[in-house]
Amino acid sequence: MVLNSIEKLLEKYNNGETSLKEEAQLRAYFTGDNVADHLAHYKPLFQFFSSAQEEQYTKDVPLKTTKTIRLYQWISVAAVTVLMLGLMIPNIMGPTAEEKREAELAYNKTMEALNLLSIGMNEGKQQLGALSMVGENLDQGIESASMLGEFTKTKNRIFKNK
Amino acid sequence: MKQADFVNIVMPFKDKVFRLAKRLLVSREEAEDATQEILLKLWKNKEKIEDYKNVEAFSMTMTKNFCLDRLKSKQAQNLKIVHSNYTDSSASLQRQVEVGDSLNWVSKIIEDLPEQQKIIVQLRDIEQYDFAEISKMLEMNETAIRVALSRARKTIRQKLTNTHNYGVK
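Here the protein sequences line up with chains A and B, keeping their order. Here the first sequence stands for residues 15 to 176, where the numbers follow the numbering used here. Here the second sequence stands for residues 157 to 325, where the numbers follow the numbering used here.
Keep in mind the hints are simulated off the structure, nothing from the lab. Keep in mind the model is a prediction, meaning the values are calculated, not measured. Treat the hints with care, since some could be wrong.
[What the hints assert, rightly or not] Restraint ranges, calculated between C-beta atoms of paired labels, are given here:
hint, chain 1, residue 1, chain 2, residue 2, range
1, A, A93, B, R184, 44 to 50 angstroms
2, B, E206, A, D51, 53 to 59 angstroms
3, B, K158, A, L17, 53 to 59 angstroms
4, B, E295, A, N18, 50 to 56 angstroms
5, A, K35, B, V163, 30 to 36 angstroms
6, B, V211, A, S19, 36 to 42 angstroms
7, A, S19, B, V163, 39 to 45 angstroms
8, A, A93, B, N297, 51 to 57 angstroms
9, B, D286, A, A93, 28 to 34 angstroms
10, B, K158, A, L34, 32 to 38 angstroms
11, B, K310, A, N18, 20 to 26 angstroms
Quick reminder that beta carbons are idealized off the backbone N, C-alpha and C, glycines included.
Here chain A stands alone, though its shape is the one from the complex (with noise of 0.2 angstroms):
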């Protein structure tokens, strides 16, 4: 009776078309001890279902966030920072408000000699007017002395005639 339904669900299960159920009941006939002779040869198959269903995966995934996105971040914090410095660091080192004040203190004082030195040089070039007064006075000299020139021509000429 036993052996007549399995056989009938063997032949089921051959065509697939057997439910899980009758699967389960299957393989509990075949891995159990009272297997028929002419059928013996299903037992390593059922056996082999139920041994392999035991294997297991043992090995560790190791689950950690991926690497490269951090780095990238760790690469985008760098790059600000490197920016931020190169704002700063001019305001930090460049002069402070003293060493600014001294700054225009000196060229203020640079530009008062300066004043100083273009107005000598104005009075120099006054000087250099009345040097200039001079010259006119030479000149005037000269043309009168070029009118003495013409008044010995003409006596040069009043003695030839003689």
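For this one, chain A is given, so just place chain B on it according to the hints.
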């Protein structure tokens, strides 16, 4: 989603992923690598996991595709495979004759099945998924799955009967 939540989701089926990978890739190391790859992929997409209706079925589909890709690229990248198949089968045949381990025989028979049938046998007979789930995982209709399963089971029966008879003689 934290690591603990993820592990809770993944724990129940990580062995199934591994077994399917091993059924297809045969070598234990390769199957371990594949499983790790699949789990890492899931972990990377952990934000989306909550949206999937059935993470397990989705993972099994992923595993299937991943392993088939692996096999394809392996076959494409070296010709040696023909040769190594050659020596491998004779070596294991010898071993089987020597040891007479019937479970190894079954495993060998399943190894010789076409990939599609291998996957279906793995999912149905070993992992005991129902047909609706398998059809979702493989994107096949149930009738096609039943037909392929029936073919696979008959091939296995045929070969088992043969070896059994040899054994008796």
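We went through each hint and held it up to the structure:
1. A:A93 <-> B:R184: 44 to 50 angstroms: holds, 46 angstroms
2. B:E206 <-> A:D51: 53 to 59 angstroms: Check passed, 54 angstroms falls within 53 to 59 angstroms.
3. B:K158 <-> A:L17: 53 to 59 angstroms: Because 54 angstroms falls inside the window, the suggested range holds.
4. B:E295 <-> A:N18: 50 to 56 angstroms: violated, 39 angstroms
5. A:K35 <-> B:V163: 30 to 36 angstroms: holds, 32 angstroms
6. B:V211 <-> A:S19: 36 to 42 angstroms: holds, 38 angstroms
7. A:S19 <-> B:V163: 39 to 45 angstroms: Between S19 of chain A and V163 of chain B, where Cβ atoms are some 43 angstroms apart, the hint holds.
8. A:A93 <-> B:N297: 51 to 57 angstroms: Since A93 of chain A and N297 of chain B have Cβ atoms about 55 angstroms apart, the given range 51 to 57 angstroms holds.
9. B:D286 <-> A:A93: 28 to 34 angstroms: The hinted range 28 to 34 angstroms is violated for D286 of chain B and A93 of chain A, with Cβ atoms some 56 angstroms apart.
10. B:K158 <-> A:L34: 32 to 38 angstroms: holds, 35 angstroms
11. B:K310 <-> A:N18: 20 to 26 angstroms: Holds: the Cβ-Cβ distance is about 21 angstroms, inside 20 to 26 angstroms.
The earlier numbered hints that this structure contradicts are 4, 9.
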